[in-house]
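Trainee: So the chains spell out like this:
Number of protein chains: 2
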Amino acid sequence: MTQSRFSFSIAATDGKARTGTIQMMRGEIRTPAFMPVGTAATVKALRPAEVRATGADIILGNTYHLMLRPGAERMAKLGGLHRFMGWDRPILTDSGGYQVMSLSALTKMSEEGVAFSSHIDGSKHMLTPERSMEIQRLLGSDIVMAFDECTKNGATYDEAARSMERSMRWARRSREGFDAGGDHAARAALFGIQQGSLDEGLRKVSADALIDIGFDGYAVGGLAVGEGQEAMFACLDFAPSQLPQDKPRYLMGVGKPDDIVGAVERGIDMFDCVLPTRSGRNGQAFTWDGPLNIRNARFAEDMGPLDPDCSCPACTGWSRAYLHHLVKAKEILGAMLMTQHNIHFYQNLMQHIRNAIAEGRFASFAQAFRTRYYNKGR
Amino acid sequence: MTQSRFSFSIAATDGKARTGTIQMMRGEIRTPAFMPVGTAATVKALRPAEVRATGADIILGNTYHLMLRPGAERMAKLGGLHRFMGWDRPILTDSGGYQVMSLSALTKMSEEGVAFSSHIDGSKHMLTPERSMEIQRLLGSDIVMAFDECTKNGATYDEAARSMERSMRWARRSREGFDAGGDHAARAALFGIQQGSLDEGLRKVSADALIDIGFDGYAVGGLAVGEGQEAMFACLDFAPSQLPQDKPRYLMGVGKPDDIVGAVERGIDMFDCVLPTRSGRNGQAFTWDGPLNIRNARFAEDMGPLDPDCSCPACTGWSRAYLHHLVKAKEILGAMLMTQHNIHFYQNLMQHIRNAIAEGRFASFAQAFRTRYYNKGR
Numbered sequence: 242m243t244q245s246r247f248s249f250s251i252a253a254t255d256g257k258a259r260t261g262t263i264q265m266m267r268g269e270i271r272t273p274a275f276m277p278v279g280t281a282a283t284v285k286a287l288r289p290a291e292v293r294a295t296g297a298d299i300i301l302g303n304t305y306h307l308m309l310r311p312g313a314e315r316m317a318k319l320g321g322l323h324r325f326m327g328w329d330r331p332i333l334t335d336s337g338g339y340q341v342m343s344l345s346a347l348t349k350m351s352e353e354g355v356a357f358s359s360h361i362d363g364s365k366h367m368l369t370p371e372r373s374m375e376i377q378r379l380l381g382s383d384i385v386m387a388f389d390e391c392t393k394n395g396a397t398y399d400e401a402a403r404s405m406e407r408s409m410r411w412a413r414r415s416r417e418g419f420d421a422g423g424d425h426a427a428r429a430a431l432f433g434i435q436q437g438s439l440d441e442g443l444r445k446v447s448a449d450a451l452i453d454i455g456f457d458g459y460a461v462g463g464l465a466v467g468e469g470q471e472a473m474f475a476c477l478d479f480a481p482s483q484l485p486q487d488k489p490r491y492l493m494g495v496g497k498p499d500d501i502v503g504a505v506e507r508g509i510d511m512f513d514c515v516l517p518t519r520s521g522r523n524g525q526a527f528t529w530d531g532p533l534n535i536r537n538a539r540f541a542e543d544m545g546p547l548d549p550d551c552s553c554p555a556c557t558g559w560s561r562a563y564l565h566h567l568v569k570a571k572e573i574l575g576a577m578l579m580t581q582h583n584i585h586f587y588q589n590l591m592q593h594i595r596n597a598i599a600e601g602r603f604a605s606f607a608q609a610f611r612t613r614y615y616n617k618g619r
Numbered sequence: 242m243t244q245s246r247f248s249f250s251i252a253a254t255d256g257k258a259r260t261g262t263i264q265m266m267r268g269e270i271r272t273p274a275f276m277p278v279g280t281a282a283t284v285k286a287l288r289p290a291e292v293r294a295t296g297a298d299i300i301l302g303n304t305y306h307l308m309l310r311p312g313a314e315r316m317a318k319l320g321g322l323h324r325f326m327g328w329d330r331p332i333l334t335d336s337g338g339y340q341v342m343s344l345s346a347l348t349k350m351s352e353e354g355v356a357f358s359s360h361i362d363g364s365k366h367m368l369t370p371e372r373s374m375e376i377q378r379l380l381g382s383d384i385v386m387a388f389d390e391c392t393k394n395g396a397t398y399d400e401a402a403r404s405m406e407r408s409m410r411w412a413r414r415s416r417e418g419f420d421a422g423g424d425h426a427a428r429a430a431l432f433g434i435q436q437g438s439l440d441e442g443l444r445k446v447s448a449d450a451l452i453d454i455g456f457d458g459y460a461v462g463g464l465a466v467g468e469g470q471e472a473m474f475a476c477l478d479f480a481p482s483q484l485p486q487d488k489p490r491y492l493m494g495v496g497k498p499d500d501i502v503g504a505v506e507r508g509i510d511m512f513d514c515v516l517p518t519r520s521g522r523n524g525q526a527f528t529w530d531g532p533l534n535i536r537n538a539r540f541a542e543d544m545g546p547l548d549p550d551c552s553c554p555a556c557t558g559w560s561r562a563y564l565h566h567l568v569k570a571k572e573i574l575g576a577m578l579m580t581q582h583n584i585h586f587y588q589n590l591m592q593h594i595r596n597a598i599a600e601g602r603f604a605s606f607a608q609a610f611r612t613r614y615y616n617k618g619r
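Sequence lines, in order, name chains A and B. Counting the first sequence from 1 gives a position; this note's numbering is that position plus 241. Counting the second sequence from 1 gives a position; this note's numbering is that position plus 241.
In short, the hints are calculated from the structure, not lab data. Predicted model only: the values in this text are computed from it and were never measured. Hints may be right or wrong, so weigh each one.
Since the list gives no way to pick one copy over another, a pair counts as held whenever it fits inside one copy or between any two copies.
Derived SDA-like pairs: lysine to any residue, alpha-carbon spacing no greater than 25 Å straight-line [stated by the list, open to error]:
id, residue 1, residue 2
1, K318, N596
2, K445, S552
3, K497, Y615
4, K571, R519
5, K318, G268
6, K571, Q525
7, K365, S245
8, K285, E572
9, K571, A426
10, K569, S364
11, K318, T557
12, K285, K569
13, K349, V466
14, K571, G312
15, K393, G321
16, K571, H366
17, K569, G363
18, K488, S359
Go ahead and model the full structure; you've got the sequences and the hints to work with.
Mentor: Rendered as structure tokens:
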């Protein structure tokens, strides 16, 4: 049996929501999919087998972090990211474009790319579309993201247009760089990234430019950058429909559980976000009844499970009182268990979403989800 | 079948070294035993099942930390330490005496006990032999330690004598306090602690005082406080022999692998130490070839296992290069895997020690161990 490099099949639609599967050589990705973030070659505080046990089909790696430490050439020498970290299923890598602007010092952007200094040791680096493709190839990424500029929130129309146009030129250079990658290009997939800020016309120009180049999937970029959920949803009312129906659509950096439900409703298939991992380390747990902070004193003698509706190891093995104690005492096990629950919750949410779409009841699922999630009774 | 409250049987001796088992209601403890330290109701960075999988039969909990957070009365309300943290095998708790002097502020010692302020929130507390017994009962400890004063390193003969004599008065009050504990006293065991600094005569006076009171086991206290291995071993040349042959002897707070081998050689049956957990979080791994620091740059591209002679999950699942990366990047998974290896190494060492004693070849084992461990070839 021949394994497919990349194929996306939609099993069912319900309104604009879709459920299906992406087939890749390293495994199947059920959509809508949530990708836990493994910034520095680890989903923080979890072993790969623990990540997989939550139901995750794919994780995300950050090009910016990995190019600085351990370094792309070193990673290739060590056999690539999968072998390095012990995760044998698909990995999507971002292009580094977003984080180089938000994390590094002394950045200088030109048509060529971005020159910057490492936030770790001050060393000088240059990221271009071609170098980003090379790094993602050296990492051994399964889904490579085009190198783009994430247009800043609040950009004027002219700023958004100029930024989007540059990203489209970089998208073409990314395509060419990726295609020159030999064996890797024959195994991996490349996604383009739509920009255009919140403007419907610019988003359409961007979508058409990407379609003209041709990608395996299309991301909606430049959202979740401070515009707020209402503005994001308004943009998602038109942006996904401008992208091909038969390719996966990925909303980058999103988000809260209610963001995800609303974005699926608007035609999004893939998500990534640091929220479940980062919040977990800070003591925030996600539940069907909304987020709760386990540090709250009312949990100090609560012998019930973190989330009564959850079957994850953290919820079946320990009490809220114990997790409260661990997080207050800054114990590593607290970060481990809270993260494990949150990723489990996110994957369970995605499974509920997929089932609801498959069974043609997504609208009522979404309504029931929001009613319960926003009813902060606890 | 009736389960024994506490019984110690020696299966084999080899020189002064002994191997056997302690039977308790919550399970069997194979001796010589190493007890991982679970300071604040968690062996740092490991789940209880992961601790057990290393081969640990018993863990240690710290009375001082637990009485301050979550608090002894609260712990009792929550069902005790075992249920709280999810460890159903034996737990030994220390008396709080050592840590109250080393960690808390504004301590004031009298014949009654020690008044102190919490290092966490400054709250005022008092530890006495009676209160220490009560706290260890509230925690649900299986092996309770008498409340004593750890005589400081470098004490004069008179200081050591006065300190030891007070500890012996406190040992009697501990025995009485423990025996007044009702149900708990019928399930748990109480160990006395020998003091007397490095003086053979004082150690003998202390041993005789403890034997007169009568305990289930006897600790050699006041060592590993800065005197160095040579002085410690010189003391262990006589101190264990002053204690009953038919009861377990526990060397508190020890130690490095070579300390343990040398102490077993001198008749010690039980150990605890933060070294494998604390060092693990700092990047130090224990191996048969001595300790190594994974942060060292020479490991950055080393695809071999952390310890080629180890079968633990960290050594079979990942490379030195990956562990180097995780520890350098301060990733929680680095602490998790390094700790898992170190506790596994310690338990594996204890199993080798037990086998060597059982097979009457402990002296040659110890010799071979030292030759390899001190030959810092790597």
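Trainee: One pair to classify: K445 and S552, alpha carbons no more than 25 Å apart. Within, between, both, or neither?
Mentor: Neither, since 43 Å and 57 Å both go past 25 Å.
Trainee: Could you place K365 and S245 in one of the four classes (within, between, both, neither) given a Cα distance threshold of 25 Å?
Mentor: neither (39 Å within a copy, 68 Å between copies)
Trainee: Up to 25 Å between alpha-carbons, please classify K393 paired with G321: within, between, both or neither.
Mentor: Neither. Shortest intra-copy (32 Å) and inter-copy (53 Å) distances fail the 25 Å Cα cut-off.
Trainee: Given identical chains, is K571 near A426, meaning Cα to Cα at most 25 Å, within a copy, between copies, both, or neither?
Mentor: For K571 and A426, the Cα distance exceeds 25 Å both inside one copy (44 Å) and across copies (33 Å).
Trainee: At 25 Å max between alpha carbons, let me know whether K571 reaches H366 within a copy, between copies, both or neither.
Mentor: between (36 Å within a copy, 23 Å between copies)
Trainee: Are the CA atoms of K497 and Y615 at most 25 Å apart within a copy, between copies, both, or neither?
Mentor: Answer is within; shortest intra-copy Cα gap is 12 Å, inter-copy 54 Å.
Trainee: At most 25 Å between C-alpha atoms: does K285 with K569 qualify within a copy, between copies, both, or neither?
Mentor: both (19 Å within a copy, 14 Å between copies)
Trainee: Between K349 and V466, at a C-alpha cutoff of 25 Å, which is it: within one copy, between copies, both, or neither?
Mentor: within (21 Å within a copy, 56 Å between copies)
Trainee: 25 Å Cα cut-off: does K569 pair with G363 within a copy, between copies, both or neither?
Mentor: between (34 Å within a copy, 16 Å between copies)
Trainee: I want to check one pair: K488 and S359. Are their C-alpha atoms no more than 25 Å apart within a copy, between two copies, both, or neither?
Mentor: This pair counts as neither: shortest intra-copy Cα distance 35 Å, inter-copy 60 Å.
Trainee: If the cut is 25 Å between Cα atoms, do K318 and N596 qualify within a copy, between copies, both or neither?
Mentor: neither (42 Å within a copy, 42 Å between copies)
Trainee: Within a copy, between copies, both or neither: where do K569 and S364 come within 25 Å Cα-Cα?
Mentor: between (37 Å within a copy, 17 Å between copies)
Checked against the numbered hints given earlier, this structure breaks hints 1, 2, 7, 9, 15 and 18; the rest are met.
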